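Could you slot chain Z onto chain A? The hints should help.
Protein chains: 2
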Amino acid sequence: MISRSETSLIRSLSRKKFRDSEGLFVVEGEKLVQEALDSGYEVVKIFRTSDIGEDAMARITMLSSPSPVLAVVRQKPRQEPPEPGNDLVLALDSVRDPGNMGTIIRIADWFGIKDIAASEDCVEIYNPKVVQATMGAIFRVNVSYCNLEKYIREVARPSGVPIYGTFLEGDNIYTADLHHSGVIVMGSESNGISYEVEALVSSKIHIPSFAGDRATSESLNVAVATAITCSEFRRRGTTL
Amino acid sequence: MISRSETSLIRSLSRKKFRDSEGLFVVEGEKLVQEALDSGYEVVKIFRTSDIGEDAMARITMLSSPSPVLAVVRQKPRQEPPEPGNDLVLALDSVRDPGNMGTIIRIADWFGIKDIAASEDCVEIYNPKVVQATMGAIFRVNVSYCNLEKYIREVARPSGVPIYGTFLEGDNIYTADLHHSGVIVMGSESNGISYEVEALVSSKIHIPSFAGDRATSESLNVAVATAITCSEFRRRGTTL
Chain A
1 MISRSETSLI
11 RSLSRKKFRD
21 SEGLFVVEGE
31 KLVQEALDSG
41 YEVVKIFRTS
51 DIGEDAMARI
61 TMLSSPSPVL
71 AVVRQKPRQE
81 PPEPGNDLVL
91 ALDSVRDPGN
101 MGTIIRIADW
111 FGIKDIAASE
121 DCVEIYNPKV
131 VQATMGAIFR
141 VNVSYCNLEK
151 YIREVARPSG
161 VPIYGTFLEG
171 DNIYTADLHH
181 SGVIVMGSES
191 NGISYEVEAL
201 VSSKIHIPSF
211 AGDRATSESL
221 NVAVATAITC
231 SEFRRRGTTL
Chain Z
1 MISRSETSLI
11 RSLSRKKFRD
21 SEGLFVVEGE
31 KLVQEALDSG
41 YEVVKIFRTS
51 DIGEDAMARI
61 TMLSSPSPVL
71 AVVRQKPRQE
81 PPEPGNDLVL
91 ALDSVRDPGN
101 MGTIIRIADW
111 FGIKDIAASE
121 DCVEIYNPKV
131 VQATMGAIFR
141 VNVSYCNLEK
151 YIREVARPSG
161 VPIYGTFLEG
171 DNIYTADLHH
181 SGVIVMGSES
191 NGISYEVEAL
201 VSSKIHIPSF
211 AGDRATSESL
221 NVAVATAITC
231 SEFRRRGTTL
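Protein chains in written order, with my numbering: chain A, 1 to 240; chain Z, 1 to 240.
Since the hints were made in silico from the structure, they are not lab data.
These numbers were taken from a predicted model, which means no experiment stands behind them.
Accuracy of the hints is not assured; some may be wrong.
Copies of the same chain look alike in the list, so a pair counts if it fits in one copy or across any two.
What the hints assert, rightly or not - Here are the simulated EDC-like cross-link-like pairs (lysine to aspartate or glutamate), alpha carbons at most 16 Å apart as the crow flies:
| hint | residue 1 | residue 2 |
| --- | --- | --- |
| 1 | 76 | 42 |
| 2 | 114 | 149 |
| 3 | 129 | 51 |
| 4 | 114 | 83 |
| 5 | 114 | 196 |
| 6 | 16 | 54 |
| 7 | 31 | 189 |
| 8 | 16 | 97 |
| 9 | 31 | 55 |
| 10 | 31 | 218 |
Pulled out of the complex, with its shape left as it was, chain A reads as follows (with noise of 0.2 Å):
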């Protein structure tokens, strides 16, 4: 069974405004969901088709076809990033694509990077696309926003690790020196890094094109940029 103001409550967490008030968010799928059971987070209520009927779980599924399950997750509380220690810290600057935002949440478990600063522009990692393109990530790895400017200058910079940033100008990354620790400054795709981050940067490095003489694409989806930058670095880390 589900009331009529457990219907309207789950409802309202499609909008980031209700999320951020009631502290809640939207997990859907059996995988997710258990996930979400498996993880640190406070499941608050699960809610089956077998138990509620697929009328009420249409109502409330953020899915454009519903999962046979859902369940209202407590948010963590916000924190601040950590200092980068002896592993690698992924920063995010302005990224606003909740798809590219999930995306890189997985990417940074794949490659073990348990922290991820981001801007305060970056899209909520609670945003319902966000969570389902982590595809469970979003349980195992870290998401803190913040002034990055001000986490970089007064946290990561004196803590005397690398600052890497991609830039067209940067060093082929293939080449470059690659430290294991440290922060990698990630911008987005239309306006890349921001100035005031780009002057923190200790390291510029670059994803060189392959396309030789010919016109080439100008850029790489973000996303796509960062699953190469940390592969790279976590190659390095590994087998040289």
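Coordinates of chain Z only, in the frame set by chain A:
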């Protein structure tokens, strides 16, 4: 000005059935339309908001927020995928998501891969979501639909090049033997590479996860996996 029959034709091109029968597709946005004009594709007609008005553009656009320009472009005739020769060919097995397909075409363009062989059940490249996601790469990369098993068995393998495919039990891509030519098969996210095609793969490779003992995502998005794979092939070809 735009006639009623033009409006009706363009609107019909949102459906594959009519794209197929008319042999046309729609391109939107200043940058993409310019790329269409610079390419070998025939641009049949261009409509600008400044000529036809905002109301008329709103009726024909396939975007959620219309761009100032829309072009009707003639499809290229279907062709068979080429022999791999001295270069890499990307082979896609059941890639059905338009965003992934568009992103993969853009990745191929970036890495100088001129030919993609796609199984018949891959999403059609003239789908508007694919076209937009390519960011113009659709005009530079040749995508041929084919029976993938037949292509690999009768065309690619007899030419003597290796057939690569990503599998969980494959060799670590960072240390595996990678050739500068060959076919790279990427499978769909949900089903991986089909058994028939797997039987023709001569070299199984794998992108390792770096999550250590922690639980991690089971897989990477197919576009992300394609990006990492192409990056590693091209890195080897140039710097080793």
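Here is how each hint holds up against the structure:
no. : hint      : in the structure
1   : 76 / 42   : within (9 Å within a copy, 53 Å between copies)
2   : 114 / 149 : neither (20 Å within a copy, 40 Å between copies)
3   : 129 / 51  : neither (25 Å within a copy, 37 Å between copies)
4   : 114 / 83  : within (12 Å within a copy, 43 Å between copies)
5   : 114 / 196 : neither (25 Å within a copy, 38 Å between copies)
6   : 16 / 54   : neither (26 Å within a copy, 31 Å between copies)
7   : 31 / 189  : between (30 Å within a copy, 15 Å between copies)
8   : 16 / 97   : within (15 Å within a copy, 27 Å between copies)
9   : 31 / 55   : neither (22 Å within a copy, 44 Å between copies)
10  : 31 / 218  : between (37 Å within a copy, 11 Å between copies)
In summary, the structure is inconsistent with hints 2, 3, 5, 6, 9 from the numbered list given earlier, while agreeing with the others.
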